[in-house]
Every structure is written in C-alpha cells, then in structure tokens.
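Engineer: Line by line, the protein sequences are chains A and B.
Heads up, the first sequence is in my numbering, so the first residue is 1 and it goes up one at a time.
Heads up, the second sequence is in my numbering, so the first residue is 1 and it goes up one at a time.
Please note: incorrect hints may appear among the correct ones.
Said to hold, decoys possible - In silico DSSO-like cross-links for lysine-lysine, where the CA-CA straight-line distance does not exceed 30 Å:
1. K188/B with K221/A
2. K29/A with K287/A
3. K193/B with K221/A
4. K221/A with K31/A
5. K224/A with K193/B
It is worth saying that the hints were derived from the structure and are not from the lab.
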Amino acid sequence: MKIRIILLVAFAFAMSQTTFAGGGWPQPKGKGYFKLFQWWVIADQHFTTSGGIDPNTTNGIFNTGVYGEYGLTNRLTGVIYAPLFSRAYFNNTISGTTDELLIPGEAINSIGDVDLSLKYGLITKGKIVLSTSLKLGLPLGNSSGGSAGNLQTGDGEFNQLLQFDASTSFKLGKANAYSSIYVGANNRTEGFSDEFHYGLEAGIGFLENRLYLIGRVLGVKSFKNGNLNTEANTTSIFANNTEYLSVGPEVAYQWNKNWGASASFATAISGSIIFANPSYSVGVFYKW
Amino acid sequence: MKNVFVLLGLLAIVLSGCIGDDVIFDTVPERVSINNSIDSLGLDSTFQFTGTYFNSIGRAIDETIIWSTSDPGIIEMSITGLAKGVAKGSANIKATVNLEGKDPVEEKISIVVEEGVSTPVEVSSRSGMLETASSYPLTGNFTLTKGTDDKLSLSFENDYDADDGLPGLYVYLTNNPNTNVGALEISKVTIFKGAHSYTLPEGVGINEYSHVLYFCKPFGVRVGIGEMN
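Let the sequences and hints guide you as you build the complete structure.
Structural biologist: Below you can see the structure in the form of structure tokens.
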C-alpha cells in the first residue's frame, strides 16, 4: 500500500510542472510515463525592476511538447522535457487615434529549449525521501527571432541546474497526501546571471487517488552576476536577471490504469522583468 | 475516445496563438510650427515664412497653411506666407490650418517692423527635464544644442539617472511621446548615470521635434519623456 501511495504521489508530481519532476521520488526501474502537454502564457503586463507592474505589447508563447520520465535503475531516473513546437508572437500595435497599423505583429515557430535530466535517489526509503538531479538546458530554441530579434522560443544559452528534492507522503484524514520542497542552483552561460531556484508543493488525493489537487509555490532569484539586461534584446521568460515568486494550483485526474490528464495555472505574485499574467498548462499522459 | 478529445483540445489551444491587436492611446494636440521665425522685419522688405503642420499623432502632414496678419497697416501678408513691412510698429502674424469638423489649428508670433534688415530668431539650444512615464526610474536635465557645424548634440547633465535593469532601452527625439513610431532613434542606451551626450545625424533641425523619449523596444513600452522648451 505504501509503495502504491508513493507511486501515485510520484505520478502526481510528474503531472505537475517539470520543475518538480516527481519530487524526491525516482521512478522504479523500467517504470515511467509520457506526457503530451501544452503550456502557454499571453502577457500584456510585466513586473518591473522596482516590483511594479507596467503594460507591454501583448506577447504570447505557446509550447507543445513531451515530458517523460523513465527508471533506468531503482535509483536513477532519466527525464526529458522537450517543447517540440514553440510559437512566440507579439500583437499588432494599432493607433487609437487613426486606427492605422503602427507596428505589425510578428510570430516565430520553432523547437524550444530542451531539458535533459538525470535524477538520483539519495534516500529512497523512510518517511522522507531525497534525490538530487542534474538538468542540462539545451539551447535548441530561437533566441533572436523576428525582424527586431526580440522574439524568442529559447534563451540561447546552455545551463546546468543542480537540484535537491525532498518529499514525504502522509495521511490527511482518510486521504493520501504529500509535500515536497526543492532547492537548486542554475549555472547559466553566455552572460546570463546564475540563479537560485526553490519551491514548495503539496497535494492531496481523492476518489481513491484518481484525482489529485495540488498547490505549488515556485521561486527564482538571480545572483545578478551576468551582463546587464540592456545588453540583451529579450523579454520575460527568456530575459536575463529575471526573478519571480509564483503560486498556482493543479488538478490531475487518472481515468484508467494508464491514462490521465491534468490542468494547471500559475501566476507570479512578485517578480522582476517577468510577465505578470498567468501561465496555463494542460496535458494528457500515459504511464506504465 | 477520451484521449482523442484531449488531443483535439490541445490542438485547438495551439491554433489559438494568433496575432491580435493592441490599441494604444497616441493622440497628441495638433499643431502648426513656424519654421523660420524672425524678431524684426525690415521696413519695405519682404520675408517668406514657412510652416509645418503636425497631425493628431504628431506626424508632419502636407496641409495648406493660411497666413494672416493682425494689422495689415504694419505688415502686409499674402495667404501663402510672404510678409512685407509697410510701416513701423508691431503686429502678430498667424499660421492657420483649417480642419474639417474641427477647430482650426494656429500658431502666432509677434514681429516688429523697423528700419534695417530682417532679424531671424536664432535658436541655438533647447532644454528640458526627463520624467518617468512608467515604474522605471528616469530623471535628468538635458539640452539639445546646435554646434558651429550645425550638427545637434543631446547632452544630459550629472543628475541623469536611468534604470539599467530594463532590456532594450533606446533614446529618441519625437513629436509623439506615446510611441516610438515616427521618432528619430538616437541610440541604444548604455549609460545609466551621470553626464553624457549624443551627436545627432546631420540634417536634423533643432525645432524639428518636441520631446525626448526613452522607449523599451522588447516590451514595446515608453519609459520616460522630456518635453523641450
């Protein structure tokens, strides 16, 4: 029973944003899951360096891709996050005075930046499990698209994130529940500042663990040891020196042994040089 | 079957990422600018005035300018802007653009008619103060100066302070401080504190623009403005 609970919790993690990627639980050997996801944000405002919110030309980013985990051993899990189709655009700017088109909108389509990770279970038994992972961010997206070079489907830099995840499962009344925390250090290249990543997540299962409700807090702090922002021509999720603290719920439902779906959104409650509109994600998965 | 519906839903979301329209408030007061002002007009001499009309988005438009005088006994004025001093004294001349369904747009200057040659108004500098138009700090006094070679330079004083955390910040001269469309791009901003200056391209007139504009290109948003006196 306990193993089943842990697997379900791990599944629920996997349904969530890839940042958590299953929390502290590695996949058992030969087990895994595959998820087709759609993530998007449409933003007409952003957090400024002083923490205020200013308007901006509406930008949209849509990522359609796959996320997978596979247990190479009982302790070692391979993880891939691959936005196979990434679309970025900004809106037309229309004069409110003359109705004329002042700046035509543009869009680019490409593959996005791909993350490859290896997660190793340091403590896999007991009340609290602990894992470490190394994620390599491959800059396969377009970092300077559009006529002005300010449309991106990637940040153009190779980064390495070393992360530690600790998780625990417990009972909340009759329901199975879990919580997890993580911290990570992201080494970025090409003049981008390094980052400290942190997060907290908790979830509770209903309907015999077919339905999971999850709450999540994620944060990124920049060490601001890279180039000034002005040397770049990028905005928001691909910009340099961005910071944010986001919160968001997720609901994940499994309708049979193998198949399920999830939906979530997240919104930054504070930040710097980051979009101030919510992001959304939906996905369908297959696990075995 | 459920899986198919979910996949179709995902496809619908992909296709919804289409370019829309952002409407910006970019109205500025229409105005007429007299390009070649003079302080005094020589008695019995003539002077041809020229002017430029700027529409409600600050764009120079070829509209008919009608010229007139407040006292034809001192200055005779043709409708096309040719003035003649006919008696000593002072009079106003006016440049007017009549717009359909709107109040006329006017610019007036006062001119003295006296013995001698006409004296052009020599504007050698204009100044102003930057103010933020956003949540990003931006302050500083500036001066637009015409050099001996007729080239303009835009100089910021020691009190200049801008935010270095903003990507893609540019400085412009413009007649519409709401947008960078139609503005003269001077430079990408690389200096964020203290005195510095930019040399402008040849052919830019000192009265050609009304404002200094700081604009963030990637976010498509104005950061600050400074009106020139």
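Engineer: Are K193/B and K221/A close enough, with their CA atoms no more than 30 Å apart?
Structural biologist: Holds - the C-alpha atoms of K221/A and K193/B are around 25 Å apart, at most 30 Å.
Engineer: Is K224/A within 30 Å of K193/B, Cα to Cα?
Structural biologist: Answer holds: K224/A to K193/B is near 19 Å, not above 30 Å.
Engineer: Would you mind confirming whether the straight-line C-alpha gap from K221/A to K31/A stays at or under 30 Å?
Structural biologist: Violated - the C-alpha atoms of K31/A and K221/A are around 34 Å apart, more than 30 Å.
Engineer: Is the straight-line distance between the alpha-carbon of K29/A and that of K287/A 30 Å or less?
Structural biologist: Within the cut-off at roughly 13 Å; holds.
Engineer: For K188/B and K221/A, compute the direct alpha-carbon distance and say whether it is at most 30 Å.
Structural biologist: holds, 27 Å
Comparing the model with each numbered hint stated earlier shows that hint 4 is the single one that does not hold.
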